[in-house]
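Peer 1: For what it's worth, this note's numbering labels the leading residue of the sequence shown as 67, then goes sequentially.
Just so you know, these hints were derived from the structure itself, not from any lab.
Mixed in with the good hints there might be a few duds.
Here are the simulated DMTMM-like pairs of lysine to aspartate or glutamate, each with C-alpha atoms no more than 25 Å apart in a straight line [said to hold, decoys possible]:
#1 Lys-87 - Glu-77
#2 Lys-87 - Asp-132
#3 Lys-87 - Asp-166
#4 Lys-87 - Asp-148
#5 Lys-87 - Asp-266
Please read all numbers here as calculations on a predicted model, not as lab measurements.
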Amino acid sequence: MAFIPVPNTVELCFVFSGGPKPIRVCINITSAVAWTIAAMQGLAADVVDAIVADGLPWVSNALAVDHLHLQDLSSSSAPAFDWITGSGSNTLPFAGTDVDPLSAGQAALVTTLRTTNRGRSFRGRNYWPGIGRSALSGGGQIVGPTRVTDQDTFVNSLAATIHALPARTLVVVSRHTGGAPRVTGITTPVSSHDTNNIVDTQRRRVQP
């Protein structure tokens, strides 16, 4: 499939270790101007600080955020790199703080990123791993409200960290419309998000 550029947009992926395979959870952030390597590094450092500050109470300590991977989506030759340090002494890997053993590797709670527009091109889904076994109920199909709140709180913190600089915006990216690829991807700002209590699986997310 041909590369579809997305102007002024960086894909930032959380790369988890400790599970059966590496797990990536990715979000997209736009800038009011073209991204520089220094600006991408500043974004990465801020996100590492948010990870350490929040302590990932919703993730089993069997998993850790090993590093961040950032890629400028503006062109196929734009910069990409891995990152582990915050603005101070904070560093990755950083493990979850829930002492509960990890549930099945593909189990995840979904946080839906919403925009003011309708349709699949204008919402995103993030499958966050690390559900502890004791959090499961209903035959392993649901979790309690505390686990949902923990995940939503972290995503709120993540969004606030991104928006701490007015030039940065958390967005949903669309590269296709009506089943056909766009020439250039489009971005729509995230206006809200929500997490439900249903345990989902997304086997593709375990691929490195």
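Peer 1: Please flag the earlier hints that this structure goes against, numbers listed from lowest up.
Peer 2: none
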